[in-house]
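Protein chains in written order, with the working numbering: chain A, 1 to 115; chain B, 1 to 114.
Read the hints as simulated data drawn from the structure, not as lab findings. Mixed in with the good hints, there may be bad ones.
Lysine-lysine pairs mimicking BS3-like chemistry, simulated, CA-CA at most 30 Å apart [said to hold, decoys possible]: (1) B:106 / A:19; (2) A:41 / B:61; (3) A:71 / A:36; (4) A:67 / A:40; (5) B:61 / A:44; (6) A:40 / A:19; (7) B:49 / B:61; (8) A:22 / B:68; (9) A:41 / A:9; (10) B:68 / A:9.
What follows is a list of derived Cβ distance ranges for each label pair [as the list claims (entries may be wrong)]: (11) B:11 / A:70: 40 to 46 Å; (12) B:69 / A:53: 30 to 36 Å; (13) B:1 / A:63: 23 to 29 Å; (14) B:53 / A:82: 43 to 49 Å; (15) B:18 / A:96: 32 to 38 Å; (16) B:82 / A:42: 47 to 53 Å; (17) A:82 / B:8: 31 to 37 Å; (18) B:14 / A:20: 41 to 47 Å.
Don't be surprised by glycine CBs; every beta carbon is placed ideally from N, CA and C.
Read off the chains here:
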Amino acid sequence: DTAVSQTPKYLVTQMGNDKSIKCEQNLGHDTMYWYKQDSKKFLKIMFSYNNKELIINETVPNRFSPKSPDKAHLNLHINSLELGDSAVYFCASSRGLAGFTDTQYFGPGTRLTVL
Amino acid sequence: AQSVTQPDIHITVSEGASLELRCNYSYGATPYLFWYVQSPGQGLQLLLKYFSGDTLVQGIKGFEAEFKRSQSSFNLRKPSVHWSDAAEYFCAVGARGGADGLTFGKGTHLIIQP
Chain A
1 DTAVSQTPKY LVTQMGNDKS IKCEQNLGHD TMYWYKQDSK KFLKIMFSYN NKELIINETV
61 PNRFSPKSPD KAHLNLHINS LELGDSAVYF CASSRGLAGF TDTQYFGPGT RLTVL
Chain B
1 AQSVTQPDIH ITVSEGASLE LRCNYSYGAT PYLFWYVQSP GQGLQLLLKY FSGDTLVQGI
61 KGFEAEFKRS QSSFNLRKPS VHWSDAAEYF CAVGARGGAD GLTFGKGTHL IIQP
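If we strip away everything but chain B, and leave its shape as in the complex, we get (with noise of 0.2 Å):
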């Protein structure tokens, strides 16, 4: 069975500053693997996805992520946060081949300082 780990449950950033929230899997093939933000109260978003090819995927809001089968890693990046990006931040893996929901990891929460 799949699974994620999120090592940071907290992380704060300066408004402006670069950002880099740690994802690691555990899946015996290419998982595929999601990163999801969670504004408080609200439902979860899609902010990227990686099935297949290039390993470094774009996403929405100015996000990407860089996928390395050696480490079994999915970081999320950032180059400049806005207040705005203060959420709670998921990686998620899917199984190939299957019907399978999600394994999320624990989340990151991610304060902005002004």
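Pulled out of the complex, with its shape left as it was, chain A reads as follows (with noise of 0.2 Å):
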């Protein structure tokens, strides 16, 4: 069973279009992230989620707004791709909140190519 899962893996779509990549994990976990790894392969957290509440949201572009539905999901949508939005995109979930002793968990990646 697929501990964090995201749908698709792979994502191809031409600028100013509006994708959606979707997360969902079934470790019964409270704490849901978004991470964007560029091409050099540089891993930068992009947004967190805590039972549904967002907890950060780094210096991201309006353009990505995530949605979490249940605790169990958590969708990254994009509006108007541009081509500096190519890169693989990580969902990961940890157990709880505080003091961060929890580890996280990543799904396998979704690689959107922005043309």
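Two chains, two frames, some hints: make the complex.
Structure (structure tokens):
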């Protein structure tokens, strides 16, 4: 059973389009995250949600909007896609919130290519 | 804010040889420290983590790491590498007391020579 799953695995789209990436975790975790890995493999956190509430919102353009319909899902919607959005996006989850003692479990990633 | 430096972008090691990947962090207190591995086309897998206690931490796949406060380092080691260890390795730091995500280093690409 996959712990953290993401769909789609690959996403190729044109500039200006709107797209969504879905993430689901079946670990019963309370906190979920989105990370962006650029072409140089640098991973940077974008958002974190705890029990459907936004906790972290790094300096990410407003075109990126996370949505958490329940604590097992954290979807990422991107409006007006730009070339610079091309990257691998990783979803992750962890059990708790306080003290950050909990391991984060990562999904397999979604490779977004904007043409 | 915390930061992580992995000074080696690429490392080449012969199969069966020992390995050490370097990681230095910057954080005002004792951090939470992690090593993750990313195989080609795969997500990240946790190798090991340090929160407190014994500064030598054992992980999966025969890896270990040692936390050295005086050097602000958390280097990853393995006594004998296997071809399957070829991957990208990321050191990460997490801040205590908060819900911050992890801050990752830029990764070290490990190449195994036959």
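Here is what the structure says about each hint:
1. With a C-alpha separation of about 27 Å, the suggested pairing of residue 106 of chain B with residue 19 of chain A holds against the 30 Å cut-off.
2. Of the pairs offered as hints, the one joining residue 41 of chain A and residue 61 of chain B holds, with about 23 Å between alpha carbons and a cut-off of 30 Å not exceeded.
3. Of the supplied pair hints, the one linking residue 71 of chain A and residue 36 of chain A holds, its CA atoms being roughly 21 Å apart against a limit of 30 Å.
4. Pair hint residue 67 of chain A plus residue 40 of chain A holds up; C-alpha atoms about 27 Å apart against a cutoff of 30 Å.
5. At most 30 Å may separate the alpha-carbon atoms for a hinted pair to count; residue 61 of chain B and residue 44 of chain A meet this at roughly 26 Å.
6. In summary, the hint linking residue 40 of chain A to residue 19 of chain A is supported, as the alpha carbons are separated by about 23 Å, within the 30 Å threshold.
7. Using a Cα cut-off of 30 Å, the hinted pair residue 49 of chain B and residue 61 of chain B holds, with the two alpha carbons roughly 14 Å apart.
8. About 39 Å separates the Cα atoms of residue 22 of chain A and residue 68 of chain B, which puts this hinted pair outside 30 Å; it is violated.
9. With a C-alpha separation of about 17 Å, the suggested pair residue 41 of chain A and residue 9 of chain A falls inside the 30 Å cut-off, and the hint holds.
10. The suggested pairing of residue 68 of chain B with residue 9 of chain A is violated, with an alpha-carbon distance near 38 Å, which exceeds 30 Å.
11. Remark: the range hint 40 to 46 Å for residue 11 of chain B to residue 70 of chain A is upheld by a beta-carbon distance near 43 Å.
12. Take residue 69 of chain B and residue 53 of chain A: their Cβ atoms lie about 35 Å apart, and the range 30 to 36 Å holds.
13. The given range of 23 to 29 Å is respected by residue 1 of chain B and residue 63 of chain A, whose C-beta atoms sit roughly 24 Å from each other.
14. Taking the beta carbon of each, residue 53 of chain B and residue 82 of chain A are about 46 Å apart, inside 43 to 49 Å as hinted.
15. The hinted window of 32 to 38 Å between residue 18 of chain B and residue 96 of chain A holds, with their beta carbons roughly 36 Å apart.
16. Between residue 82 of chain B and residue 42 of chain A the C-beta distance comes to about 27 Å, which lies outside the given range of 47 to 53 Å.
17. For the hinted restraint 31 to 37 Å between residue 82 of chain A and residue 8 of chain B, the CB-CB distance of approximately 32 Å keeps it satisfied.
18. A hinted range of 41 to 47 Å holds for the C-beta pair residue 14 of chain B and residue 20 of chain A, which are about 45 Å apart.
In this structure, the hints that do not hold are numbers 8, 10 and 16, in rising order.
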